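S.K.: First to last, the protein sequences are chains A and B.
For the first sequence, the tail end lands on 206 under the UniProt record's numbering, and the numbers increase by one without skipping.
For the second sequence, the tail end lands on 242 under the UniProt record's numbering, and the numbers increase by one without skipping.
These are calculated hints, taken from the structure and not from any lab test.
These numbers were taken from a predicted model, which means no experiment stands behind them.
One or more hints might be untrue.
[What the hints assert, rightly or not] A partial selection of chain A residues facing chain B, derived with a Cβ cut-off under 10 Å:
hint, residue
1, E10
2, S11
3, A16
4, E50
5, T120
6, R123
7, P162
[What the hints assert, rightly or not] Partial list, derived from the structure: chain A residues whose beta carbon lies under 8 Å from chain B:
hint, residue
8, T15
9, A29
10, W98
11, M186
Beta carbons: idealized from backbone N, C-alpha and C, even for Gly.
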Amino acid sequence: MPQELAYLKESASQTAGPYVHIGLAPGAAGFEIYRQELGRDMTGPNAKGERIRVEGRIIDGMGAPIKDVLLEVWQANADGHYAHPEGGGEVEEGFRGWGRVISDFDTGEWGFDTVKPGATRGRNVGTQAPHLNLWIVARGINIGLNTRMYFSDEAEANAADPVLNLIEWENRRGTLIAERTERDGMPVYRFDVRLQGEDETVFFDV
Amino acid sequence: MTQPGEFYQRDRSIQPPAFTPGYKTSVARSPRYSMISLQNSVSEITGPRFGHSDIDAGDNDLLTNYAKAGESPIGERIILHGRVLDENARPVPKTLVEIWQANAGGRYRHKKDTYLAPIDPNFGGCGRTLTDENGYFYFRTVKPGAYPWRNMVNNWRPAHIHVSVFGTGFAQRLITQCYFEGDPLIPICPIVQTIPDQGAIEQLTAKLDLNATIPLDSIAYKFDIVLRGRRSTLFENRLEGN
Numbered sequence: 001m002p003q004e005l006a007y008l009k010e011s012a013s014q015t016a017g018p019y020v021h022i023g024l025a026p027g028a029a030g031f032e033i034y035r036q037e038l039g040r041d042m043t044g045p046n047a048k049g050e051r052i053r054v055e056g057r058i059i060d061g062m063g064a065p066i067k068d069v070l071l072e073v074w075q076a077n078a079d080g081h082y083a084h085p086e087g088g089g090e091v092e093e094g095f096r097g098w099g100r101v102i103s104d105f106d107t108g109e110w111g112f113d114t115v116k117p118g119a120t121r122g123r124n125v126g127t128q129a130p131h132l133n134l135w136i137v138a139r140g141i142n143i144g145l146n147t148r149m150y151f152s153d154e155a156e157a158n159a160a161d162p163v164l165n166l167i168e169w170e171n172r173r174g175t176l177i178a179e180r181t182e183r184d185g186m187p188v189y190r191f192d193v194r195l196q197g198e199d200e201t202v203f204f205d206v
Numbered sequence: 001m002t003q004p005g006e007f008y009q010r011d012r013s014i015q016p017p018a019f020t021p022g023y024k025t026s027v028a029r030s031p032r033y034s035m036i037s038l039q040n041s042v043s044e045i046t047g048p049r050f051g052h053s054d055i056d057a058g059d060n061d062l063l064t065n066y067a068k069a070g071e072s073p074i075g076e077r078i079i080l081h082g083r084v085l086d087e088n089a090r091p092v093p094k095t096l097v098e099i100w101q102a103n104a105g106g107r108y109r110h111k112k113d114t115y116l117a118p119i120d121p122n123f124g125g126c127g128r129t130l131t132d133e134n135g136y137f138y139f140r141t142v143k144p145g146a147y148p149w150r151n152m153v154n155n156w157r158p159a160h161i162h163v164s165v166f167g168t169g170f171a172q173r174l175i176t177q178c179y180f181e182g183d184p185l186i187p188i189c190p191i192v193q194t195i196p197d198q199g200a201i202e203q204l205t206a207k208l209d210l211n212a213t214i215p216l217d218s219i220a221y222k223f224d225i226v227l228r229g230r231r232s233t234l235f236e237n238r239l240e241g242n
């Protein structure tokens with residue numbers, strides 16, 4: 001027998017279920033318990049950069065919006081730095097770059113306010129186009145889905161982005177690009193995620 | 001430029017696939033195209049960090065965090081404790097662990113739960129804590145009850161506590177469920193059985209830990225959580241033209 005490797009195995013994922021709100025957003029479940037719920041303020045008061053809103057729905061294979069979904073967002077600041085020791089540089093006091101949002105129980109719409117991130121360093125050389133990292137869980141989703149949201153007004157950076165360019169099918173790259181509109185003078189990006197179908201959103205095995 | 005160590009590739013042979021028809025809700029909620037494999041960049045190796053200003057000391061005590069003064073929830077008092085480790089068997093310190101569960105009767109405090117078992121006025125059903133420097137965490141709670149759910153006509157969930165963990169990088173993000181040793185519903189639960197590996201199911205099953213019980217007060221179960229590990233040696237792996 002060769003020597004044994006002493007690695008442990010990652011714990012298996014299980015669905016977040018329909019009552020994920022109790023643990024991660026108890027106010028939405030219908031009760032107040034904590035001094036503060038986490039993930040509501042993504043940027044803090046000092047964040048530089050353009051204030052934006054991001055909205056969308058997660059649409060299932062029947063074409064229906066998922067009304068019990070929970071998303072988490074992880075993003076860099078306007079300088080392209082993540083709030084982490086290996087994140088590429090300093091961030092503003094109070095900037096976390098992490099958000100947690102749930103869909104509306106009636107419409108499936110979700111949305112959050114943040115700042116537009118800057119380009120981040122690439123894996124080897126160069127940069128990655130500005131993007132948000134999204135993690136999606138819900139009843140019926142056995143293991144959290146990882147995807148990215150890019151910005152429609154960053155066409156040049158998107159065209160050079162090493163991750164978008166990994167996607168062999170060029171027609172699928174657009175599933176990761178949110179369309180910029182304006183509402184009351186504020187930029188609003190629309191990002192609908194489709195779990196199945198011809199225009200299924202690209203998901204990543206990270 | 002030195003590249004940061006990546007997380008080890010996720011072992012999909014022990015993780016549930018997206019499409020698991022025995023768990024019917026997964027059918028319309030499972031992507032069908034292959035995921036794009038992504039070598040980790042700064043976006044995946046970093047992740048949110050939490051501190052003691054985010055949470056309160058009593059948040060991990062479900063026996064008291066929603067109970068009226070001097071009252072307690074109904075049910076079997078338990079301690080759920082363990083460590084968050086990575087695949088290298090190293091502790092993951094100062095990471096956020098959040099849990100949620102049904103009460104002892106199998107009812108959730110949630111406006112969408114209509115099961116006929118009663119709400120417990122002294123039980124909220126959620127808790128959170130940060131691991132210590134050794135990756136250790138503990139909660140006090142009541143053992144949740146089994147409950148029926150709509151899948152097949154007659155499916156029952158084994159007693160379980162939902163667990164959410166962060167780690168140090170967003171690629172480690174994990175939500176899972178903790179089951180309890182000896183529960184006869186485990187092998188016939190369609191959600192448990194989405195996991196294709198028996199060892200992985202056993203790894204989600206907390207074991208009675210008699211040494212950690214508090215005599216005449218609370219029984220204890222041990223539940224360790226393993227997150228993905230990271231490469232510690234930094235070899236360059238430069239892709240052509242990338």
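S.K.: Take the hints in turn and mark each one as holding or not.
M.R.: Checked hints:
no. : hint : in the structure
1   : E10  : holds (5 Å)
2   : S11  : holds (5 Å)
3   : A16  : holds (5 Å)
4   : E50  : violated (20 Å)
5   : T120 : holds (6 Å)
6   : R123 : holds (4 Å)
7   : P162 : holds (6 Å)
8   : T15  : holds (6 Å)
9   : A29  : holds (4 Å)
10  : W98  : holds (4 Å)
11  : M186 : violated (25 Å)
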